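Residue numbers (the working numbering), protein chains in the order written: chain F, 1 to 292; chain W, 1001 to 1602; chain U, 2001 to 2158.
Honestly, the hints are just simulated from the structure, not real lab data. Keep in mind that this is a model prediction, so the values were computed, not measured. Don't be surprised by glycine CBs; every beta carbon is placed ideally from N, CA and C. It is possible that some hints are incorrect.
Mimicking EDC-like on lysine to aspartate or glutamate, the simulated pairs with C-alpha atoms at most 20 Å apart in a straight line are [unchecked claim]:
(1) W:Lys1146 with F:Asp233
(2) F:Lys260 with W:Glu1326
(3) W:Lys1323 with F:Glu181
(4) F:Lys260 with W:Asp1343
(5) F:Lys272 with F:Glu242
(6) W:Lys1146 with F:Asp167
(7) F:Lys272 with U:Glu2057
(8) W:Lys1584 with W:Asp1266
(9) F:Lys260 with U:Asp2133
(10) U:Lys2040 with F:Glu114
(11) U:Lys2040 with F:Asp210
(12) W:Lys1146 with F:Glu150
(13) W:Lys1146 with F:Asp166
(14) F:Lys260 with W:Glu1337
Far from chain U, by Cβ distances over 10 Å, these chain F residues were calculated [to be verified]:
(15) Thr49
(16) Gln51
(17) Gly113
(18) Asp148
(19) Arg168
(20) Pro237
Now for the letters of each chain:
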Amino acid sequence: MTESSHGHPGAGASAADGVQPVGATAEQPEPRPRRDGAAAGPEAGGTITLQVLRYRPDREDAPYLQDFEVPWRTETSVLDALTWVKDNLEPSLTFRWSCRMAICGSCGFMLNGEPKLGCESFVRDYAPGPLRIEPLANHAVERDLVVDLEPFMASLRAVQPYVISDDRHPVPEPGNRQTPEQMVAYGQYSQCINCMLCYAACPQVGLATDFLGPAAVTLAVRYNKDSRDHGADSRLPILDNEGGIWPCTFVGACSTVCPKGVDPAAAIQQAKGATAQAWAAEFILPHRGEGR
Amino acid sequence: MQTLRTDVAIIGGGGAGLRAAMAAADTDPQLQVLVISKVYPMRSHTVAAEGGSAGVVGEDDSLDRHFADTVSGGDWLCDQDVVRYFVEHAAEEMYQLERWGCPWSRRPNGEINVRRFGGMSQPRTWFAADKTGFHMLHTLFQTSLKYPSISRLDEHQALDLVTSNGRVAGVVVYNQRDGYPVFVEAGAVVMATGGAGRVYAQNTNGSIVTGDGMAMAYRAGAPLRDMEFVQFHPTGLPGSGILITEGCRGEGGVLLNKDGYRYLQDYGLGPETPIGSPQNKYMELGPRDRLSQAFWHEQQAGRTISTPQGEAVHLDLRHLGRKYLEERLPMICHLAEQYVGIDPARDPIPVRPAVHYMNGGIETDVTTATSVPGLFAVGECASSGLHGANRLGSNSLAELVVLGKVAGQQAAALAAEDPVGASSSLRQEAQDIAATYLVMMGRGTEAPARIRRELGEALESGVGIFRTGDDMAATARTVRELKERYTQVQVVDTCPVYNTDWASTIELGAMLDVADVIVHSALRRQESRGSHTRLDGFTSRDDERFLAHTRAHFRASGVPEISYHPVTITTMPPAQRAYGAAGKTADAAAAPRNTEDQGAAQ
Amino acid sequence: MSTSTGARQEPTGAGRTGARSPGRMPAAETHRRPYRPTTKRTWFLANREYRAYALREVSSVVVGFFVFNLVVGLVCLHRGLESWQWWVSLQTNPLNLTLTVLAVVMSLVHATTWFQATPKIIRIQRGTRYVADFWVVAQHYLLLAVFAAVVYFWLGGL
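For reference, chain F alone in the conformation it holds in the complex (with noise of 0.2 Å):
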């Protein structure tokens, strides 16, 4: 996609070290900076190699790890350094971004084995080196570092995540009263930017493929706690159920990971106590004693 503007590290090393380049030609040649790495001082800088993985199906059966010669700066990103191989050296390495801020959730990725936003990780960290990049872990990789997201939008839809008002309900004109106190039940969970790495840290994705995931499910109870809807029962059935949220073992990784402070695991948790409540309610009183 486009050039980043972002910290762009162009005033770095030669381009190729140990690598062909594709097309492309690189930068001037500069002279090359200090390797001191992990001293990440305000002036820091040097160069890492990106062991990054590639994976294009047109021509691969399996995908296999290509090394990048990066210059950078206290700034770069390693999405900096992602656009940066791409401009100067190997115009077909792809991956997704967008935002540069954390926001969007385009791009995630496995950076020496950690699910992180490429956006919001600095090489300054992984200096000296080398930093491994791959596609996120428990997805169908599609080519390089872009992996496939339907199965996350099948879930993502299966969990009814808008607004359900029922009869007994009705939405007042023109909105909701919602004090700041009922925002908070669910305003944690709303703050998921769908990047993914939750999927990537959760084993049970890995190995129940029918999981609908840390970040589907707490959107569901994300509106189950909103208090302006009413489609907890339409849900239930979604949740409790074999790929719902039982696959959930309580890893808790996907907390750990998230870049946003979403904490999925409590979520899921909750999610399976409102099921165990609603079992018992149901137990005691059959269709809420409504006589269906």
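Place chains W and U on chain F using the hints.
Below, chains W and U without anything else, positioned relative to chain F:
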């Protein structure tokens, strides 16, 4: 080639596109609505809007005031029928979002809270902390999943519109996931592709904001209007251009030069308001064009602060206190910490202007119809006439939903009444269009990244905050030369799936077209108005010659054809545009005449 | 066209205007060839967090052994003195001792890790804030202490 048929095709899955889709589906549930987006909708750049969305609520405010603020903010280049319609429908759309679940920030009693914003005479900006665009987009996207008649083509790159006897009949897109082109035949097409800020080197925009829709409509014969009016947001992070919301100043943040002086009082925005008591339309709450211009003057005078990423001034939020900052501006705190290593509760944030928004776009009327039958346009890609020469902060998010709804209704009505039938010649044409793009793969010699870089630098130097005829002419020549080089552009990648080398090169083609229009529109406007400010003898507004919209038509060879057409003025004749103490006097004189019987536009 | 995304869907002639559409075009052939990585059997050793999780899960197996041992003891008691003495002597077997010590350690691991996890399950909202994780965890330790004291004094009373 795969062919899909739909009633309403919407290109773009951001706020405007999704609102249009739901409006079309609500208008007629029998219609098939198809949202085509080059990214998954939740990645659309609406997501990055921070500060808020305007809508008049409460007894202290009035529609007339919102109208007057918008018209004067736009330096009288707004079409007042559109502004009137907009202000009358903004709050109802904000409430619609509320009922759909948008987590608007509230007062303790549960009512909607509003904040101050630049150029607005009253607090009327609805906000969801400092992630308003994010919450609006996700609310719209998630709610759209409820509609069975709305389907989507995600990660499909739109290539070109297909027209039949001058009427739009569909669009050729490329399915990145499966790796083949698709012809979408449609009864009506809504363009909702967003802005083009990436044509500039320093901008607050995401990588996807490349003007694709503007260029597609332009090539199909729709004029681009008022493209010289490029909004610089006064507070982006130096280097990256990452947006630091105007909400910071709305909450009381102040701008300081290197001497710690609130320099805005020297630029017609004073007198200085006490720290902690922001006052609408004074000082930091002046409009974006004025604040960006003031930065430029400070930089010329050597009173800005040098940072490793360039010159900057300080945005000081320290007096707001940590607790308030974390409640009202949590993302700003996070961004400042992540990207510049600053805790805003302890240190001021370095900021500088960066390109933020295209005030112009595809010309439409108040019904969002373009001059090409069957094509509607809405959102940043459109020039509805709402923003004039300078958009007020928080009017654009509201525009997405107010006019997005109109676009959906209009497109649905047209698709139901008067669709273009399928024909084999159109399918052949679609196939030919796809072929001209597909052939780019694996060809060429000119590195697209270089053209893009040079384009960004050329626009910064020629059509930046301040402009001169010579600089603009030089930039026009550079853009021409880059367009020439683009004919030999190199696409190395030949893989059919997720070929982003190819896709970004197509985007670059759109950027070149848009840049060409920006610079030629700017060259011809010999006055200073709103965000188009000249230093070379045309330093003031010239209503005699230029109280008119610039209209650029595509010509297959040579420069765009520029013409002018009148601005719609209903109740508020041109007057002096002033802020601060001077604004108070001017406002009294320029108050709209009795608007009782003017009614809504349409 | 009512699936969630078009990327998977077949072309259709649906829609109000679809009636005039001259039949379907042949679907284009996909160039997708996704690579599907598999989860390794040893995934739970991959990082610290997974290993901590695996330890928590394994601890319950060891605690389970201890419970099994107690059940065997109860059965032996029911069977008579001889059987009971056999079980008591079994308790001094070094292997059994080791396992019992391990069970003590593992039940501590199990209790502490679960207590640590409780704030995610029990979230108490007070106004616009949640009660801090620390207090939720502390409450569990407090309850444990009270319960232990009650059991101790009850046994002591016997």
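Each hint tested on the structure:
1. Pair hint W:Lys1146 plus F:Asp233 holds up; C-alpha atoms about 16 Å apart against a cutoff of 20 Å.
2. A distance of roughly 14 Å separates the Cα atoms of F:Lys260 and W:Glu1326; the hinted pair therefore holds under the 20 Å criterion.
3. For a cut-off of 20 Å, the pair hint linking W:Lys1323 to F:Glu181 stands: about 17 Å separates their Cα positions.
4. Between F:Lys260 and W:Asp1343 the CA atoms are separated by roughly 18 Å; this keeps the pair inside 20 Å, and the hint holds.
5. Between F:Lys272 and F:Glu242 the alpha-carbon distance is near 12 Å, which keeps this suggested pair within the 20 Å criterion.
6. Note on W:Lys1146 and F:Asp167: the hinted pairing holds, with a Cα-Cα distance of about 18 Å set against a maximum of 20 Å.
7. Taking the CA atoms of F:Lys272 and U:Glu2057, the gap is about 18 Å. The hint holds against a cut of 20 Å.
8. Taking the CA atoms of W:Lys1584 and W:Asp1266, the gap is about 17 Å. The hint holds against a cut of 20 Å.
9. Taking the CA atoms of F:Lys260 and U:Asp2133, the gap is near 18 Å; set against the 20 Å cutoff, the hint holds.
10. With a C-alpha separation of about 16 Å, the suggested pair U:Lys2040 and F:Glu114 falls inside the 20 Å cut-off, and the hint holds.
11. For a cut-off of 20 Å, the pair hint linking U:Lys2040 to F:Asp210 stands: about 18 Å separates their Cα positions.
12. Among the hinted pairs, W:Lys1146 with F:Glu150 is consistent with the structure: their alpha-carbon atoms are about 17 Å apart, no more than 20 Å.
13. Distance hint between W:Lys1146 and F:Asp166 is fulfilled; the C-alpha atoms sit about 15 Å from each other, no more than 20 Å.
14. Pair hint F:Lys260 plus W:Glu1337 holds up; C-alpha atoms about 14 Å apart against a cutoff of 20 Å.
15. For F:Thr49, the condition that its CB be more than 10 Å from all CB atoms of chain U holds, with the nearest at approximately 22 Å.
16. With a cut of 10 Å on Cβ distances, F:Gln51 stays outside the contact zone with chain U, its closest approach being about 16 Å.
17. Look at F:Gly113: its CB is around 7 Å from the nearest CB on chain U, not clear of 10 Å, so calling it non-interface is violated.
18. Non-interface call for F:Asp148 relative to chain U: violated, since the shortest CB-CB distance, roughly 6 Å, does not exceed 10 Å.
19. At roughly 25 Å, the least C-beta separation between F:Arg168 and chain U is larger than 10 Å, which holds for a residue marked as non-interface.
20. Residue placement check: F:Pro237 keeps its beta carbon more than 10 Å from all beta carbons of chain U (closest about 19 Å).
Figure legend: structure checked against the earlier numbered hints; hints not met, in rising order: 17 and 18.
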